[in-house]
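Go by the hints and put chain B onto chain A.
2 protein chains.
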Amino acid sequence: MRGKLFVVTVTLMLVASSATALHGRRSLPKSQTKTLVERLGYPRDAKLLIVHADDLGAAHSINSASIKALESGLVSSASIMVPCPWLPEIAAYARSHPEADFGLHLTLTSEWNLYRWGPVLGKELVPSLLDANGYLYPLENEAAAHMDIKEAEAEIRAQIARARTLGIQPTHLDSHMGTLYEGKTLFEMLVRVARDNKLPFRVSQEWFTRASFMPSLLGPDVVVLDRTISIEPNVAPEDWSKFYTNEIKSLRPGVTVMIVHLGFADEELKGMTSGHSNWGAEWRQRDFDFVTSEVFRKLLKENNVKLITWREIGKLVTVARP
Amino acid sequence: MRGKLFVVTVTLMLVASSATALHGRRSLPKSQTKTLVERLGYPRDAKLLIVHADDLGAAHSINSASIKALESGLVSSASIMVPCPWLPEIAAYARSHPEADFGLHLTLTSEWNLYRWGPVLGKELVPSLLDANGYLYPLENEAAAHMDIKEAEAEIRAQIARARTLGIQPTHLDSHMGTLYEGKTLFEMLVRVARDNKLPFRVSQEWFTRASFMPSLLGPDVVVLDRTISIEPNVAPEDWSKFYTNEIKSLRPGVTVMIVHLGFADEELKGMTSGHSNWGAEWRQRDFDFVTSEVFRKLLKENNVKLITWREIGKLVTVARP
Numbered sequence: 001m002r003g004k005l006f007v008v009t010v011t012l013m014l015v016a017s018s019a020t021a022l023h024g025r026r027s028l029p030k031s032q033t034k035t036l037v038e039r040l041g042y043p044r045d046a047k048l049l050i051v052h053a054d055d056l057g058a059a060h061s062i063n064s065a066s067i068k069a070l071e072s073g074l075v076s077s078a079s080i081m082v083p084c085p086w087l088p089e090i091a092a093y094a095r096s097h098p099e100a101d102f103g104l105h106l107t108l109t110s111e112w113n114l115y116r117w118g119p120v121l122g123k124e125l126v127p128s129l130l131d132a133n134g135y136l137y138p139l140e141n142e143a144a145a146h147m148d149i150k151e152a153e154a155e156i157r158a159q160i161a162r163a164r165t166l167g168i169q170p171t172h173l174d175s176h177m178g179t180l181y182e183g184k185t186l187f188e189m190l191v192r193v194a195r196d197n198k199l200p201f202r203v204s205q206e207w208f209t210r211a212s213f214m215p216s217l218l219g220p221d222v223v224v225l226d227r228t229i230s231i232e233p234n235v236a237p238e239d240w241s242k243f244y245t246n247e248i249k250s251l252r253p254g255v256t257v258m259i260v261h262l263g264f265a266d267e268e269l270k271g272m273t274s275g276h277s278n279w280g281a282e283w284r285q286r287d288f289d290f291v292t293s294e295v296f297r298k299l300l301k302e303n304n305v306k307l308i309t310w311r312e313i314g315k316l317v318t319v320a321r322p
Numbered sequence: 001m002r003g004k005l006f007v008v009t010v011t012l013m014l015v016a017s018s019a020t021a022l023h024g025r026r027s028l029p030k031s032q033t034k035t036l037v038e039r040l041g042y043p044r045d046a047k048l049l050i051v052h053a054d055d056l057g058a059a060h061s062i063n064s065a066s067i068k069a070l071e072s073g074l075v076s077s078a079s080i081m082v083p084c085p086w087l088p089e090i091a092a093y094a095r096s097h098p099e100a101d102f103g104l105h106l107t108l109t110s111e112w113n114l115y116r117w118g119p120v121l122g123k124e125l126v127p128s129l130l131d132a133n134g135y136l137y138p139l140e141n142e143a144a145a146h147m148d149i150k151e152a153e154a155e156i157r158a159q160i161a162r163a164r165t166l167g168i169q170p171t172h173l174d175s176h177m178g179t180l181y182e183g184k185t186l187f188e189m190l191v192r193v194a195r196d197n198k199l200p201f202r203v204s205q206e207w208f209t210r211a212s213f214m215p216s217l218l219g220p221d222v223v224v225l226d227r228t229i230s231i232e233p234n235v236a237p238e239d240w241s242k243f244y245t246n247e248i249k250s251l252r253p254g255v256t257v258m259i260v261h262l263g264f265a266d267e268e269l270k271g272m273t274s275g276h277s278n279w280g281a282e283w284r285q286r287d288f289d290f291v292t293s294e295v296f297r298k299l300l301k302e303n304n305v306k307l308i309t310w311r312e313i314g315k316l317v318t319v320a321r322p
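Chains as they are written, first to last, in our numbering: chain A, 1 to 322; chain B, 1 to 322.
Chain A on its own, in the form it takes in the complex:
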């Protein structure tokens, strides 16, 4: 997940008076009179965190760094881009590590200049998803502007099917570059596809302030996380550790997802992200360095932050939709 929406939402997190105020924007169904942490079996003041790596499958460097971080125990979850060429590598890992918490990072964009991918479905079936060169559009707003929603839905469902064919049992869904949060029709489709697959998906209370179309599309079976942490281009490289440290120190009770983009700043990743410093090779190396550091481990411990996975969230969905 990357994109403009989250530049805004992080800002909103900082100005929002309280989680309760935002929570109050939805008409709450009975099953949610308990807070999300309580529904998960924790005391009301528990600080639960999903540390989530995005973009697996996109590059060998990203797979290697993400696997190393997952195995450090400090990253608890990740999501996979099915149309990308390194999918078979992460699928092999998922098959041999069935305990790992992998979702699908549903992908309707191909954003790098020198290294690109197309849809899972053939271009004859999903012409509206493709740029002039036959790849997925580079940007989320271009993708959203051109797409036929039926084609997008067919492609998303095909991505889920291919993941399952390769032995990935996804625990959750989210959207690469936030394309599926670009508007009501797209978000409605994500809700529908997630429901049909009995899977939770990434959606967070504080987004509703900007995306007012969201709450009315969510039934009582949908689990909404309390908030999202996502570092953005306005943070200087030298402030990386400071940003994350402040976020952990000021973490409020509830379920927060911290989205990170992991990779090694090697030749492959530098080549792939050339021309993009945002979410580029050095960015991903900084994220990797921080989330696998003893500083991060100590911060989580000292601030009583407990890591959880999407698997726990998924159980609530199963209860609501048996």
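Simulated from the structure, these hints should not be mistaken for laboratory data.
Since the model is a prediction, treat every value here as computed from it, not as a measurement.
Worth double-checking, as some hints may not be accurate.
Since the list can't tell identical chains apart, any single copy or any two copies may satisfy a pair.
In silico BS3-like pairs for lysine-lysine, Cα to Cα no more than 30 Å straight-line [to be verified]:
#, residue 1, residue 2
1, K68, K270
2, K150, K123
3, K315, K47
4, K249, K315
5, K198, K123
6, K301, K47
7, K242, K298
Same frame as chain A, now just chain B:
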């Protein structure tokens, strides 16, 4: 190009009594009463060599190493795999280096375990080219056994079209892993597609001993190279330099193509080729090290070997088919 055919052809080269003997197997049209070197404007005893890098577009490591080798002047030509994800990188290079000699390495296989690609055409149009996971078949014989020839031809033509859309002006055609040399029907298709595109394609006199179906399919407009050098798995890593040295020292007059597979043995290439030592990361590093060495430069000079490109061969095709 990789594959069984060439294990055999290299052996054949060593036992063939002379180029003339093989040449005699074809009924020669009038335009070929001159030798190929003479038609190219060189004296009959000239030793002409195309040093050709295969598999461009397959990985960033392969692109980087091949570009470096081309720029050393010791590799004269290369061919590009259009369905691969790093195509845009090499296409950008081709656009900015219109003098570089790039052909298309027509691709109907996706042979690595952890990193794979599909066809340019959608899977609904070319179902016979795809394995159970929706990628091109791993092996050339599997691909050949399953394919509908009309689908294969449509895919090959789509690869040429996509290359041109991206600004690549191919100088020649050849076939990744030799799939299009797997039998009469496939080879006939290659001849047809090359003719329609007014392009020369890789075919070599000494292949005819094994592939007896070939000569009758070649019209007078087809240029047949005199021989091929291609290192094979029976050469031990420590004998790499010795193999190439012997080949250059014993080079006979005529046009020879020396096929090399270049890459850096970095994390990307090790990941991509994991489980394959043949044509793997270390193999490609050894090829790179040799063809960019001063030893190779000196050998070419001392043995009066002149490097040429496919562009010169292509002019003969244009003359024959104005």
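Tested hints:
{"no.": "1", "hint": "K68 <-> K270", "in the structure": "both (19 Å within a copy, 17 Å between copies)"}
{"no.": "2", "hint": "K150 <-> K123", "in the structure": "both (14 Å within a copy, 18 Å between copies)"}
{"no.": "3", "hint": "K315 <-> K47", "in the structure": "within (19 Å within a copy, 72 Å between copies)"}
{"no.": "4", "hint": "K249 <-> K315", "in the structure": "within (29 Å within a copy, 70 Å between copies)"}
{"no.": "5", "hint": "K198 <-> K123", "in the structure": "both (28 Å within a copy, 28 Å between copies)"}
{"no.": "6", "hint": "K301 <-> K47", "in the structure": "within (11 Å within a copy, 72 Å between copies)"}
{"no.": "7", "hint": "K242 <-> K298", "in the structure": "within (14 Å within a copy, 57 Å between copies)"}
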